[in-house]
Amino acid sequence: MESTGIVLGFWLLSGVTVASALLVFLSRNLLHAVLALVLSFLGMAGLFVTLSADFIAVAQVLIYAGAISVLLVFAVMLTPLASRDNANSLFVLPGVLIGAAFAGIVGFVAIDVDWPELTGKAVLGRDFTTTVQGIGSALLDPYVLAFEIASVLLLSALVGAIVLVREDEPA
Amino acid sequence: MIPEQFGRVGVLLMFALLFPAIPLIASYAFYRFRIRPEHHDPIKDATYECGVESEGSAWGQFHARYYLFALGFVIFDVEVVFLYPWAVVHGGLGFTALFEAVLFIGILALGLGYAWRRRALEWR
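Chains as they are written, first to last, in numbering that gives the first Met the number 0: chain A, 0 to 170; chain B, 0 to 123.
No lab work stands behind these hints, which were simulated from the structure alone.
No residue lacks a Cβ here, since even glycine has one placed at the ideal position from N, Cα and C.
Take the hints with a grain of salt, since some may be wrong.
[Unchecked claim] To list a few chain B residues with every Cβ distance to chain A over 10 angstroms, as calculated:
no.	residue
1	GLY9
2	PHE18
3	HIS89
4	ARG117
[Said to hold, decoys possible] Quick list of simulated restraints, FRET-style, between CB atoms:
no.	chain 1	residue 1	chain 2	residue 2	range
5	A	ILE110	B	ARG116	56 to 64 angstroms
6	B	LEU97	A	THR3	37 to 45 angstroms
7	A	ALA99	B	PHE68	38 to 46 angstroms
8	A	PRO93	B	HIS62	29 to 37 angstroms
Looking at chain A on its own, in the form it has when it is part of the complex:
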């Protein structure tokens, strides 16, 4: 058994995540749907913390709740007002089918897998471990080339964005 704090946090966070995910498609206003999606991302980040995946939680906050949501809000604010309601579309039925299939697969895996249960000392040791140190040392020692190439990738993304938007300007 985990400590009560983590269990309580898990239920609170999953409640927030599921409720805001419901708001995403119940809301008639597209911008409200986007903001509910951001809240859902934040709840998911909290859930990652309860799974002792702290780096993924931080990446979730920075990438999804930060960057992706900024892109979503911009995409909504830059579209004409007329096309901005969260209307029903032809994709409802395929969406429901895909969602049901995905829920079925995940549920099947969750039930089918024989989850190992930790007892005694192992719980105390493995209740919560941080992953950032391991990722940091791995990035800086064996995978330093990948670390630097990631910055080249980001550089090419930045240059590409500028070239696409400002192609008419002289250098």
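Chain A is already provided as a structure; the job is to place chain B on it using the hints.
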């Protein structure tokens, strides 16, 4: 020890969410129990108390030029994700780690310099 720190963050987060709700709830409760009156007035209902008067709705279509700034933000946001594990461990790794991070930021600074050079940071 780490879960307690996250727990503290969670408690602070809940307090931070509840705190701004208190005046809203109090105001509504005072209205319901007829302690405060409800008289609408165009000046009272204005969004901003002072400054330039707002014109039109905030729900209009914004200029597509903002998108470049959003993309720039996203790229440097991803950079921060890479620097975060570095910031946690660099103290024990010494000069090489510092050099690696400087190289990482330097490559991205080239991009910022390019954006500056192409005058992509200006509003035109």
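Cross-check of the supplied hints:
no. : hint                                    : in the structure
1   : GLY9                                    : violated (6 angstroms)
2   : PHE18                                   : holds (17 angstroms)
3   : HIS89                                   : violated (7 angstroms)
4   : ARG117                                  : violated (5 angstroms)
5   : A:ILE110 x B:ARG116: 56 to 64 angstroms : holds (58 angstroms)
6   : B:LEU97 x A:THR3: 37 to 45 angstroms    : holds (42 angstroms)
7   : A:ALA99 x B:PHE68: 38 to 46 angstroms   : holds (40 angstroms)
8   : A:PRO93 x B:HIS62: 29 to 37 angstroms   : holds (35 angstroms)
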